[in-house]
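Participant: Take a look at the letters that make up each chain.
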Amino acid sequence: MRIRIRKRVVESKRKIILIKIIAVLSALLADAIIFLFMNVDPLRAYYEILRAAFLTEYGLTETIVKFIPLALISFGLMVVFKAQTWNIGAEGQLLMGAIVTTWVALNLGFLPSYIIIPLMYFSGFIAGLSWALIPSFLKIKLHVNEVLTTFMMNLIAQKILEYFVYGPWRDPHGWGFPQTAMFPENARLPILPGTRIHYTTLLLALATCFILYVLIWKTTIGYEIKVVGGNIEAARYAGINIAKIVFLTMIISGGLAGLAGVGEVGGIKFRLNPNVSPGYGYTGIVIAWLGGLNPLGVAIAAFLYSGLLVGGDALQVAMRLPQATINIFNGSILFFILAFDFFTRYEIKLER
Amino acid sequence: MTSDNIILETRNITKFFPPNIYANYKINFNLKEGEIHALLGENGAGKTTLMRILFGELTPDEGEIYIKGKKARIKSPRDAISYKIWMVHQHFRLVENLTVTENIALGLANKIIHPEKEVESKIKEIMETYELRVDINAKIWQLSTGEKQRVEILKALYAGSKILILDEPTSVLTPLERERFFKVLKKLKENRTSIIFITHKLDEAMKSDRITVLRKGKLIATVYPYEIDKNELVKMMIGKNISFLTTKNKRSISNKKVLNVKNLWVLGDRGVYAVQGATFELKEGEILGIAGVAGNGQKELAEAIVGLRPISKGEIYICEKNITNKPTRFIYDNGVAFIPEDRIGTGVIIDLSVIDNFILKTYYLPEYTKHKIFIQYNKFLNTFNDAVKKYGIIVPNPYFPVKTLSGGNIQKLILARELSKKHKLIIALHPTYGLDVATTNAVRKTLLEESMRGTSILLISEDLEEIFLLSDKIAVMYRGKIVGVFEKEKADLHTIGLLMAGEEIRGA
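Residue numbers (the numbering used here), protein chains in the order written: chain D, 1 to 352; chain W, 1 to 508.
Don't take every hint at face value.
As the list claims (entries may be wrong) - Ranges of calculated distance between the beta carbons of each label pair, as one might list FRET restraints:
no.: 1; chain 1: D; residue 1: Lys15; chain 2: W; residue 2: Glu62; range: 24 to 30 Å
no.: 2; chain 1: W; residue 1: Asn322; chain 2: D; residue 2: Gln84; range: 45 to 51 Å
no.: 3; chain 1: D; residue 1: Trp217; chain 2: W; residue 2: Pro327; range: 56 to 62 Å
no.: 4; chain 1: D; residue 1: Ser12; chain 2: W; residue 2: Arg93; range: 34 to 40 Å
no.: 5; chain 1: W; residue 1: Ile373; chain 2: D; residue 2: Met182; range: 51 to 57 Å
no.: 6; chain 1: W; residue 1: Lys71; chain 2: D; residue 2: Tyr213; range: 57 to 63 Å
no.: 7; chain 1: W; residue 1: Glu62; chain 2: D; residue 2: Phe37; range: 44 to 50 Å
no.: 8; chain 1: D; residue 1: His143; chain 2: W; residue 2: Glu128; range: 31 to 37 Å
no.: 9; chain 1: D; residue 1: Phe335; chain 2: W; residue 2: Ile373; range: 47 to 53 Å
no.: 10; chain 1: D; residue 1: Phe210; chain 2: W; residue 2: Asn322; range: 55 to 61 Å
These are computed hints drawn from the structure, not numbers from a lab.
The C-beta atom is built at its ideal place from N, Cα and C for all residues, glycine as well.
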């Protein structure tokens with residue numbers, strides 16, 4: 001008997017989905033052992049997560065609340081990753097979107113809702129997009145690796161945000177907390193009653209999913225993105241303007257991350273503070289990959305992952321588990337899915 | 001000199017490549033001590049696979065290797081080297097920025113420190129014995145291809161190898177270098193080195209002591225050259241008789257200039273001029289063959305014409321229109337079809353479907369799109385299906401990924417794609433390199449048919465047979481210069497060969 005590893009020639013979709021399910025089950029099995037060590041019944045813990053994330057009204061709405069920014073960001077990253085361009089800067093692009101939106105909300109609050117809210121979305125989109133412009137130019141003109149620049153731009157954005165909330169924009173009536181004043185009523189995004197769902201952003205995210213599907217599979221731009229990502233030499237040979245594609249995908253992903261920032265300040269917190277994003281920009285990278293760089297897959301991955309975040313929080317409260325357990329739980333699910341990715345590309349056979 | 005001692009033998013070697021290819025199937029091959037053994041077969045016959053198994057780069061799924069009658073365990077090249085086996089690959093594995101001596105010393109991993117004097121004197125000794133002369137202090141990038149090959153052989157001999165495997169050793173050599181190469185083989189044989197060389201050229205196989213023919217992964221026969229003729233060998237190689245293209249129908253070439261290249265200077269990747277003042281023209285329906293050993297500026301010339309490489313000096317006109325330094329797409333849209341050198345690396349996107357690859361040059365044209373934004377795949381399907389039939393592309397459906405296609409099928413797909421767009425000039429870079437006999441014939445036939453229809457063709461090839469078969473005019477490119485242009489009737493193989501090797505010919 002020996003084990004043989006072979007590269008799969010054709011990766012069948014059904015098998016890939018099956019492998020992903022097996023990966024999640026394996027992760028649950030591994031986590032069960034950890035739960036047992038902590039004297040927690042794993043089945044009860046899993047049920048708690050499932051219930052808290054998807055089966056209660058409150059939990060489901062909270063899952064959607066987290067889904068909104070994660071989906072917007074990962075849709076953008078999906079497009080840019082498809083062109084084999086590595087935007088690690090969604091976090092910073094989100095923050096810039098949030099900062100500029102805050103300025104609009106606090107300074108143009110005299111405008112009626114139907115003007116200021118579209119204006120907030122627009123300015124947030126442009127802010128995120130502009131933050132992605134700098135690394136794009138550096139990459140196209142000077143061939144600077146975008147992984148480094150986009151990542152470093154995150155740190156700069158975080159510092160700019162801190163400057164404003166600790167400095168000129170700090171709320172004088174905020175008991176010294178590093179945060180801005182609350183947005184005026186007409187600069188707050190409309191919300192589904194009884195929830196925290198700012199539905200206009202949710203609709204934007206769902207529309208994005210559809211638009212990107214059409215863009216990637218039906219248009220010349222989408223085709224060029226696939227060619228550039230598939231074989232850059234072939235793209236050059238075919239006369240495709242590679243710089244244009246890099247530029248376009250970078251600003252699409254930057255703009256969408258900026259929109260996520262608008263939602264967080266305009267629809268959740270109604271003010272700017274240093275904790276606008278719990279790392280959505282980084283989580284989005286993982287989700288884009290988990291979703292297989294395909295709009296529907298990314299939407300599903302973003303929804304499930306949001307549920308995991310909500311369920312994890314609930315578990316902490318219901319089972320009195322330390323935060324670290326939840327991190328282990330989330331981490332191990334990711335670990336198994338990414339590790340099992342190997343099996344989607346290779347097949348293993350036992351032979352005599 | 002040949003003794004009947006069998007030094008190496010394989011029994012039932014089988015290697016399977018998923019999903020359904022037996023690259024080798026139950027191969028029983030043997031090599032005698034001190035013989036020159038030709039391994040003959042078409043591309044994809046499994047020659048290289050078998051040799052890489054002997055050299056430990058691949059492990060067979062079944063079968064054993066015996067060396068001097070004893071079962072050998074070859075799991076890696078290091079094992080192979082310990083059995084005194086060495087393989088020189090088709091693409092040399094030398095460090096360009098190191099000297100010859102350094103490269104030879106590098107090849108031996110069992111020693112960390114190599115006293116330079118000692119290494120040098122040993123190399124010199126080997127060079128004398130085998131008449132393998134190279135400047136040992138030169139950097140590899142300064143050497144010609146023939147010299148690099150000699151360095152590879154020196155590496156093998158320095159390591160004390162007794163069995164030398166050479167993968168298509170002559171494909172990169174000029175006719176003169178080729179003669180010299182066979183002299184080296186004789187010397188090696190005199191010193192009791194056993195040699196296996198891979199080839200798909202019949203003439204070369206006939207120069208060996210024994211010939212083994214592989215076809216589709218199976219060993220067809222092992223024969224002595226004196227007991228067989230070329231026709232029988234061809235039959236063994238391809239399994240049937242193939243009618244070769246012989247002559248070309250007479251046709252009149254009009255005086256309309258389709259391509260006009262004037263004093264062209266183009267920088268290569270190294271920052272030196274790869275094309276140095278090339279001037280030539282191509283008339284409607286004419287085929288101009290550019291002969292030359294790869295690396296003499298042919299690729300840069302082709303890339304400059306289609307706008308993939310900036311032009312430093314000079315001008316290019318297509319049908320009187322100046323296209324110097326114009327964008328690539330503009331040049332294609334003005335009727336240029338381009339068959340690239342590296343069909344996998346630049347010709348296709350391996351992960352995309354066959355249809356997506358087929359539309360690479362036309363997807364943006366108004367007749368195939370709605371509002372220039374939406375690609376209308378249904379409009380491509382008819383053209384695609386016609387092309388599949390016309391060029392005999394074997395593909396189950398248009399949405400199949402290209403990576404499952406064979407090299408020959410990929411080349412046919414590229415050809416179909418390039419010719420599906422309106423064109424008056426084809427630039428073909430090594431269009432049949434590495435293809436099997438049947439596909440080679442099909443590609444050549446297509447090019448001839450195109451020229452009959454009035455398309456001009458710039459044919460860049462190392463294969464002199466191909467150049468002579470197809471061209472109306474033959475030019476030779478050497479170190480970036482066009483060193484002679486001949487009417488086909490006035491050109492002879494010997495002169496062309498000399499020019500390719502850099503000899504000056506009077507009156508050329």
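Participant: So which of the earlier hints does this model not fit?
Facilitator: Going through the list in order, the structure violates hints 2, 3, 5, 8, 9, 10 and respects the others.
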